[in-house]
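Add chain B to chain A, keeping to what the hints say.
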Amino acid sequence: MSQTRTVIVGVQVPDGTRCDIAIVGETIEAVTPTAKGPLPTEGPEATTTIDGTGLVALPGLVDLHTHLREPGGEDAETVLSGSRAAAAGGYTAVHAMANTFPVQDTAGVVEQVLRLGEAAGYVDVRPVGAVSVALGGERLAELAAMARSAAKVRVFSDDGMPVADPVLMRRALEYVKTFDGVVAQHAQEPRLTEGAMMHEGIVSASLGLTGWPAVAEESIIARDVLLAEHVRSRLHVCHVSTRGSVEILRWAKNRGIDVTAEVTPHHLALTDESVRGYDPRFKVNPPLRSPDDVTAVREALADGTIDVVATDHAPHPPEAKDCEWAQAAFGMTGLETALAVVNELMVQSGAMTWEDVARVMSYRPAVIGRVENHGRPIAAGEPANLTLFDPARRWTVQPDGLETASPNTPWAGRELTGKVLWTWLRGKPTVQEGKVIP
Amino acid sequence: MIQLRHLLATADLDRASAVEVLDTAATMAATQARQIKKLPPLRGRTVVNLFFEDSTRTRISFETAAKRLSADVINFSPKGSSVSKGESLKDTVLTLGAMGTDAIVVRHAASGAPHRIAHSGWTNAAVVNAGDGTHEHPTQALLDAYTIRHHLAGGTGDLAGLSVVIVGDVLHSRVARSNVRLLETLGANVTLVAPPTLLPVGVETWPCAVSYDLDQAIDQIKPDALMMLRVQHERMSAAGGGYFPSPAEYQREYGLDVPRLGRLADAAIVLHPGPMNRGLEITSAAADGVRSVIVEQVANGVAVRMAVLYLALTGKEER
Numbered sequence: 001m002s003q004t005r006t007v008i009v010g011v012q013v014p015d016g017t018r019c020d021i022a023i024v025g026e027t028i029e030a031v032t033p034t035a036k037g038p039l040p041t042e043g044p045e046a047t048t049t050i051d052g053t054g055l056v057a058l059p060g061l062v063d064l065h066t067h068l069r070e071p072g073g074e075d076a077e078t079v080l081s082g083s084r085a086a087a088a089g090g091y092t093a094v095h096a097m098a099n100t101f102p103v104q105d106t107a108g109v110v111e112q113v114l115r116l117g118e119a120a121g122y123v124d125v126r127p128v129g130a131v132s133v134a135l136g137g138e139r140l141a142e143l144a145a146m147a148r149s150a151a152k153v154r155v156f157s158d159d160g161m162p163v164a165d166p167v168l169m170r171r172a173l174e175y176v177k178t179f180d181g182v183v184a185q186h187a188q189e190p191r192l193t194e195g196a197m198m199h200e201g202i203v204s205a206s207l208g209l210t211g212w213p214a215v216a217e218e219s220i221i222a223r224d225v226l227l228a229e230h231v232r233s234r235l236h237v238c239h240v241s242t243r244g245s246v247e248i249l250r251w252a253k254n255r256g257i258d259v260t261a262e263v264t265p266h267h268l269a270l271t272d273e274s275v276r277g278y279d280p281r282f283k284v285n286p287p288l289r290s291p292d293d294v295t296a297v298r299e300a301l302a303d304g305t306i307d308v309v310a311t312d313h314a315p316h317p318p319e320a321k322d323c324e325w326a327q328a329a330f331g332m333t334g335l336e337t338a339l340a341v342v343n344e345l346m347v348q349s350g351a352m353t354w355e356d357v358a359r360v361m362s363y364r365p366a367v368i369g370r371v372e373n374h375g376r377p378i379a380a381g382e383p384a385n386l387t388l389f390d391p392a393r394r395w396t397v398q399p400d401g402l403e404t405a406s407p408n409t410p411w412a413g414r415e416l417t418g419k420v421l422w423t424w425l426r427g428k429p430t431v432q433e434g435k436v437i438p
Numbered sequence: 001m002i003q004l005r006h007l008l009a010t011a012d013l014d015r016a017s018a019v020e021v022l023d024t025a026a027t028m029a030a031t032q033a034r035q036i037k038k039l040p041p042l043r044g045r046t047v048v049n050l051f052f053e054d055s056t057r058t059r060i061s062f063e064t065a066a067k068r069l070s071a072d073v074i075n076f077s078p079k080g081s082s083v084s085k086g087e088s089l090k091d092t093v094l095t096l097g098a099m100g101t102d103a104i105v106v107r108h109a110a111s112g113a114p115h116r117i118a119h120s121g122w123t124n125a126a127v128v129n130a131g132d133g134t135h136e137h138p139t140q141a142l143l144d145a146y147t148i149r150h151h152l153a154g155g156t157g158d159l160a161g162l163s164v165v166i167v168g169d170v171l172h173s174r175v176a177r178s179n180v181r182l183l184e185t186l187g188a189n190v191t192l193v194a195p196p197t198l199l200p201v202g203v204e205t206w207p208c209a210v211s212y213d214l215d216q217a218i219d220q221i222k223p224d225a226l227m228m229l230r231v232q233h234e235r236m237s238a239a240g241g242g243y244f245p246s247p248a249e250y251q252r253e254y255g256l257d258v259p260r261l262g263r264l265a266d267a268a269i270v271l272h273p274g275p276m277n278r279g280l281e282i283t284s285a286a287a288d289g290v291r292s293v294i295v296e297q298v299a300n301g302v303a304v305r306m307a308v309l310y311l312a313l314t315g316k317e318e319r
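In order, the protein sequences belong to chains A and B.
With the first letter of the first sequence counted as 1, position 398 gets the number 398 in this note's numbering; the numbers rise by one all the way through.
With the first letter of the second sequence counted as 1, position 202 gets the number 202 in this note's numbering; the numbers rise by one all the way through.
Just chain B, with the same shape it has in the complex:
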């Protein structure tokens, strides 16, 4: 069994360990169909959900996962993350360490904050990145991969040969960064689709293709899975007048509307990490249609996070 010291980025996982996380998640998922869902392996262990950014859905998912494994769960949501506004990140982590924490699940607005917690000598706890700034959100990518594998790869092995198109605000998306790396590791062919304003400089070095044209991507790639990213309204009020001219124009160029939905292959699935902007990047017809696996993604999130916590915390005594 692999041992995860931390889970900070999907680049930490090679193909074999990524598959093992997914297999472990499948085992966890199987237990969640039972009437009694609670398992004993993390009894007596303490998991802190340290959420500097509001994220009810991710926090609840981690909380559920930890509780299903019998861990003690503490939710801590400090207000503000700056030294001027309150306690520093270091002091917060030292405080948690003094209370005997085995794992810290951290969500932070600053890219790299989980990496700092894991590698600055502030704590010995396992650190799981639950989303850091515009960097990574590895458990989201794992649950996406799990969902794709379940529907399109028979629920086992890797994702070799599958094509996945990711559409939207790649520049600010930790979900996109984590997914590009993990899906590539698992053998899928990834294409990013976005206006050039929402792609980072340097994206040409990523292990994926890039397109500015959603229609062309749908018709030429014939994706097995289409992942729509959330577009935040505040992106329109950024420097230079925003990253795109209007929601209407974005919706026309990059939204998953009914005609585009109709041109997808029969078996293709539609994913969204949530929360959705219905009517902007995705129409209700797509979000609620037969191809949508968006609600399943949420359920799979619990199983994947159970697997990550299990692999990070069991066998730790021997190290």
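Looking at chain A on its own, in the form it has when it is part of the complex:
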């Protein structure tokens, strides 16, 4: 079979140098500094050349926190539409959260989601397994069965619901050690957040909306890092949103506790001031926090206290947001805007390099999720999971123009800087010249 070769010429790789990258089949054939001589031309006859001038090549992004909604929520998203959105955002692997219907709490359901991902073919869909049966928070789901299944589940989470019971959390942390799993906790003390609709602070007091206090997140993280230390297991903290959480994580890491953490693009970018117009597109859990919290999570991402950026892409159908605040669903989409937001806030500001971006959006999430063949450096012999990003391209976000099936982006009508132009999954383009392959 004659293979084609794709050569990206003069593109910036994460370490800052300009290189030519050759892709043959499913593999990166060669990476050579530009102007250091021609790339190999022997072998396959057909060569496609892409001008990489001004573009940045990143290893295919890996999302630790995606809601694909299928099965059960196909009015909001399907594995296919969500996979296309992921590819459009530069992702080559996503972790599909367990709060589907039926819940991803058995080998059968996680394998179904795996198969849907394979059929879609845009990204590797890695199902997350529920910690507890039906996310009920009462007894462990069959974690080993999911781990041993074809889906090879390694990340377990009741996301959307916290594992509130400290004994259940302890058991889960202990049990996942069998297969090198990790428990990803949605840190929310339920009693402190009854009826909570936004960050508790100056804005909630003014708007008369029930507050979701920072302490409800921080107290669970504090408990969980101590549990992880006690049972010597691996904890991942979802969507960290407060300064106090960052300080607890910093303390835990200094102490040698095996904890990792993620932050979402929206918690890096937006504050509770966005809620003042009562527009439910800004209703999310955990809620948008104070400006001081936003500063803290940005610093923590830059200094490594927070390991990764994860989208918490949470699609909802229009009617779930076109209503009064109290009635609206929590969550916002993020797959297609995440890299642009990180570019604007962290790279253009000088807080992070492209190597840092590769670390927080590809290398580290792949390590945490134990995702094979993703999050690998851009080097000869590595799998050709890549994305090409134009960090200067400005575009206005229009919900209708996105691949996700739901319109609940917080960026609607706003201009973002940076656009994914190409994505390859194992050498096969999923995005070509800014368009998702049909």
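Each statement offered as a hint is correct.
So the derived label-pair ranges between C-beta atoms look like this:
1. S246(B) x K152(A): 50 to 60 Å
2. P245(B) x T396(A): 50 to 60 Å
3. A248(B) x P318(A): 47 to 57 Å
4. K428(A) x T205(B): 51 to 61 Å
5. T396(A) x A11(B): 23 to 33 Å
Just some of the chain B residues that point at chain A, by a computed CB distance under 10 Å:
6. H108
7. H115
8. H172
Residues on chain B that point at chain A, a partial pick, calculated with CB under 8 Å:
9. S88
10. K90
11. S111
12. G112
13. A113
14. R116
15. T134
16. H135
17. R174
18. R177
19. P200
20. G202
21. V203
22. T205
Treat the hints as calculated values from the structure; they're not laboratory data.
Don't be surprised by glycine CBs; every beta carbon is placed ideally from N, CA and C.
What follows is chain B alone, placed relative to chain A:
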């Protein structure tokens, strides 16, 4: 004359426009002493009272106000406000719009619901907030300010220099939020008195003082007006065992009883937005005593709501 596009929160009003609303209300009140109370300015206009929450007194007050101005009034009280239970808020508002509604007076359990109706492109009608969740109740604050001005400021101008103490469940009170902002705009000095459990996090940024001690507030501030907020019995069964230990303890610490009533200045007045829990936040001696202006507040409510509807709906054609 000012034009109110909507009235959603008292922060929408600066001092001059707040005073003008009160002056307009005074003009309206003067006409209400006549034998024939009906005025013509809103003839042919339609006002819908859209009440998702039961509130007979506020609805009747708005209905009376609109009818005295010759508007056609439609009362609509959908049962339940959730998508699962019935029609969505959006569809309800679209339906009313299709019938040619000029103003929607809305009471809703969800904070911000009037704001959504006004700003989501669902309707062109003027929206008047008649109480939304624990957010605001601006016409209540206007009628309170009107009542205070009538008794303590000669019925004209603003409330500069007057001290007002508001006592009770500030956390859940839309009346308190609206009053703090409006009274401050009008130049009054406001102090909130409540147990810390019934004060919102962030209250320290409000334009008012805060105290946990009613006796100290009465003796040190010597308030010109004392406003007692309703305390709901269900606040005792909330998470954590409730916001205060018992009605008896609340009454002892924060109730307006006879000794506290006796320590008020001679000219001081007592307000309550109603409905009252006699024996809890207010004793009958205070509610029915000479300082009480509680029944007057109800009468003034009609005049204030006439003024708001008048300012929101007249001159609208030119826009």
